[in-house]
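Peer 1: Next come the chains, spelled out residue by residue.
Number of protein chains: 2
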Amino acid sequence: MGINIKYAGCAAIFGEVIKVIIMTDSKLPKLDEKRMAYVRLTSAVLWYTTDFFHKEGFLQLMPVILSPITDPLGPDPGSTVIKTGEIEYLEQKLVLTQSMILHKQLAVRDGLEKLFIISPNVRLEHPKRRESKKHLFEFSQVDFEIAHAKKEDVFALMERFLVGLVPHVKRECAAELSLLGRKLQDVVGPFMKYSTHELEEKYGKDWEMLASLDTHQPFWALCHKREFYDKEDPHEEGHYLNYDLIYPEGFCEALSGAEREHEFGIIMKKIDCDGLDKSRYGPYLEFAKHGLVPSAGAGFGVERLVRWLAGADHIGDVQLFKRVPGEKVIV
Amino acid sequence: MGINIKYAGCAAIFGEVIKVIIMTDSKLPKLDEKRMAYVRLTSAVLWYTTDFFHKEGFLQLMPVILSPITDPLGPDPGSTVIKTGEIEYLEQKLVLTQSMILHKQLAVRDGLEKLFIISPNVRLEHPKRRESKKHLFEFSQVDFEIAHAKKEDVFALMERFLVGLVPHVKRECAAELSLLGRKLQDVVGPFMKYSTHELEEKYGKDWEMLASLDTHQPFWALCHKREFYDKEDPHEEGHYLNYDLIYPEGFCEALSGAEREHEFGIIMKKIDCDGLDKSRYGPYLEFAKHGLVPSAGAGFGVERLVRWLAGADHIGDVQLFKRVPGEKVIV
Chain S
116 MGINIKYAGC
126 AAIFGEVIKV
136 IIMTDSKLPK
146 LDEKRMAYVR
156 LTSAVLWYTT
166 DFFHKEGFLQ
176 LMPVILSPIT
186 DPLGPDPGST
196 VIKTGEIEYL
206 EQKLVLTQSM
216 ILHKQLAVRD
226 GLEKLFIISP
236 NVRLEHPKRR
246 ESKKHLFEFS
256 QVDFEIAHAK
266 KEDVFALMER
276 FLVGLVPHVK
286 RECAAELSLL
296 GRKLQDVVGP
306 FMKYSTHELE
316 EKYGKDWEML
326 ASLDTHQPFW
336 ALCHKREFYD
346 KEDPHEEGHY
356 LNYDLIYPEG
366 FCEALSGAER
376 EHEFGIIMKK
386 IDCDGLDKSR
396 YGPYLEFAKH
406 GLVPSAGAGF
416 GVERLVRWLA
426 GADHIGDVQL
436 FKRVPGEKVI
446 V
Chain D
116 MGINIKYAGC
126 AAIFGEVIKV
136 IIMTDSKLPK
146 LDEKRMAYVR
156 LTSAVLWYTT
166 DFFHKEGFLQ
176 LMPVILSPIT
186 DPLGPDPGST
196 VIKTGEIEYL
206 EQKLVLTQSM
216 ILHKQLAVRD
226 GLEKLFIISP
236 NVRLEHPKRR
246 ESKKHLFEFS
256 QVDFEIAHAK
266 KEDVFALMER
276 FLVGLVPHVK
286 RECAAELSLL
296 GRKLQDVVGP
306 FMKYSTHELE
316 EKYGKDWEML
326 ASLDTHQPFW
336 ALCHKREFYD
346 KEDPHEEGHY
356 LNYDLIYPEG
366 FCEALSGAER
376 EHEFGIIMKK
386 IDCDGLDKSR
396 YGPYLEFAKH
406 GLVPSAGAGF
416 GVERLVRWLA
426 GADHIGDVQL
436 FKRVPGEKVI
446 V
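Chains as they are written, first to last, in the numbering used here: chain S, 116 to 446; chain D, 116 to 446.
The reader is advised that the hints may include incorrect statements.
It does not matter which identical chain is meant; a pair holds if it fits inside one copy or across any two.
Within a straight-line C-alpha distance of at most 25 Å, the following computed SDA-like cross-link-like pairs (lysine to any residue) qualify [unchecked claim]:
no., residue 1, residue 2
1, K317, E203
2, K437, F334
3, K384, L188
4, K285, F167
5, K208, I197
6, K443, E401
7, K149, E171
8, K340, V278
9, K308, W322
10, K229, K317
11, K208, Q332
12, K243, V210
13, K208, D348
14, K265, G426
15, K243, D301
16, K437, H169
17, K320, K404
18, K393, K437
19, K208, G304
20, K243, K384
21, K243, Q175
22, K340, R150
23, K385, G226
24, K393, D147
25, K243, G189
26, K393, V281
27, K437, T199
28, K170, L280
Derived from the structure by calculation, the hints contain no laboratory data.
This one's a predicted model, so the numbers in the text were calculated from it and none came from an experiment.
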């Protein structure tokens, strides 16, 4: 330990075998002043988040780590997860949680209208994702869901969340922000809303970074073609009732969410269109057949939020135990 | 779905292959009034816990799910974990967290003196553990650690925690406790303390259930022979500076903790005595060689706490997504 290690490995991705070079400093984690500032910011964010959702009337559920089902994370041309973590226990194949989306949808109902979960998500990303500076192969996501809600309810909730969080962090972590040289601007709601069609027209296909760099306030990006559980606009084919929140200053995606598809026939059709294997979603489909409750919700990563608040260069920097794709895990 | 399923499987345990019969009702989770009461109690406990530890000056760390190292959970004659969950990612073998004990010890230090983590723990238990009514193969543990602390600091902290929690739950969840027919008695600190030697003398080897049934207040059970990271009393060989907290009324073990062994030479000797494979603890030992900070701490399971507060028969009842050893996971 304590010296540089190089090793070469192979990973199968999209059927193709590629060469992976991992170079990493294998020193054990050192807690310098900056790292301690990130730890304190993370702690402040976790407390504020827990308190906020409880005060808003949400019930906090326990996370799930192993289940027969998890988020397919696709079809998404941007997804570069090389495989789903899987183990066998007493003759049952269980997968590691990629997000709590399917479990949220099964849990939300009349009598349990507002729920949230702080859950570790494991996404075994391609090592190249290290370069995005915003991908981890393990992170914590705050997932929430609201029965009978519309996207406007989620916008208002998240705006209250961020408008309150920034002054909280500036007050609780003034010394840390100062040490990091971070001048954090107050957030003002309601945030601007743009469709991905507008954004593509203005910035091109890779609009996310350019549009993020172009603003000092978070904004909503509406209408993404993605997973089957996001609702298509019943009045406008090819348009979707979903949304991302984008951080300003190049910090990019903060949150993904949607009004959910809850009608069994449409879910089945979309799973077919996506070319997904139905047998991997058996219990979810069984539940959907008997009727899901319409809902809207979203999920945001704690580390991405901390990275933005802290103005950190790489998302791995804010983790005490780093989980960066393509970097050896020390501990 | 919706009908009973029987299936037979095999699991290797302690080198021996045994026959496992799993019978389970494979209905999808139904949220009746009782299950909703458990959900509300769990949520109240999570909020209180987060708030309590922050107000006590603890920093909240993020959990870790995959790491090269995890808690050996032994040698413990009571441990019946059949294997450690393991996956391979980019040529690195990573194991699922059984507890955050080793990571806590690596994190705690001057400048980060008080920390806590709410972390999912995966322990792939033998299916027979279903019968104990207090084992899950996945649960959440509140793990905390305090630099330079002694066991008396942990006793006082946990007594403040429980003395405050019970009235909080009675106030926040009065309707739920009434629905469950649960008359929850206030907790009065300081709790009684008994050594395991005394307890064995009075109740025999299986003292835990008998002693728990014999009391209406939680009590501390001191001095257990167990994992290498628990400190042996330097003044009395064969005695240990560790402790369990035992719930009353037959709800048994609430918490395990200890003053930690931090001296490299002693850790190495104890790992040898326990017959553990040193290569499985490489990064931990590397860190220990350069000096661990003395600390004390503990971990308690959220579901066990809720089970006791709710007076639930089986711990699986309090989980929205059941994770009972030997029962098929539906979702």
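Peer 1: Does each hint fit the structure? Answer for all of them.
Peer 2: Hints, verified against the model:
1. K317 with E203: neither (48 Å within a copy, 42 Å between copies)
2. K437 with F334: For K437 and F334, neither the intra-copy (29 Å) nor the inter-copy (39 Å) Cα distance is at most 25 Å.
3. K384 with L188: within (17 Å within a copy, 47 Å between copies)
4. K285 with F167: Both: 17 Å inside a copy, 22 Å across copies.
5. K208 with I197: both (18 Å within a copy, 16 Å between copies)
6. K443 with E401: Between copies only: 16 Å across, 40 Å inside.
7. K149 with E171: between (33 Å within a copy, 23 Å between copies)
8. K340 with V278: neither (29 Å within a copy, 52 Å between copies)
9. K308 with W322: Only inside one copy: K308 and W322 sit 14 Å apart there, 63 Å across copies, limit 25 Å.
10. K229 with K317: neither (37 Å within a copy, 49 Å between copies)
11. K208 with Q332: For K208 and Q332, the Cα distance exceeds 25 Å both inside one copy (44 Å) and across copies (41 Å).
12. K243 with V210: Both ways: K243 and V210 sit 23 Å apart in one copy and 23 Å across, limit 25 Å.
13. K208 with D348: For K208 and D348, the Cα distance exceeds 25 Å both inside one copy (35 Å) and across copies (44 Å).
14. K265 with G426: Classified as neither; 32 Å inside a copy, 38 Å across copies.
15. K243 with D301: neither (34 Å within a copy, 55 Å between copies)
16. K437 with H169: between (29 Å within a copy, 23 Å between copies)
17. K320 with K404: neither (37 Å within a copy, 51 Å between copies)
18. K393 with K437: between (35 Å within a copy, 23 Å between copies)
19. K208 with G304: neither (45 Å within a copy, 45 Å between copies)
20. K243 with K384: neither (33 Å within a copy, 42 Å between copies)
21. K243 with Q175: neither (35 Å within a copy, 30 Å between copies)
22. K340 with R150: neither (37 Å within a copy, 37 Å between copies)
23. K385 with G226: Neither. Shortest intra-copy (29 Å) and inter-copy (52 Å) distances fail the 25 Å Cα cut-off.
24. K393 with D147: This pair counts as neither: shortest intra-copy Cα distance 48 Å, inter-copy 29 Å.
25. K243 with G189: Close inside one copy (19 Å), not across copies (38 Å); limit 25 Å.
26. K393 with V281: Neither way: K393 and V281 sit 43 Å apart in one copy and 46 Å across, limit 25 Å.
27. K437 with T199: both (20 Å within a copy, 22 Å between copies)
28. K170 with L280: Both. Shortest intra-copy (14 Å) and inter-copy (18 Å) distances satisfy the 25 Å Cα cut-off.
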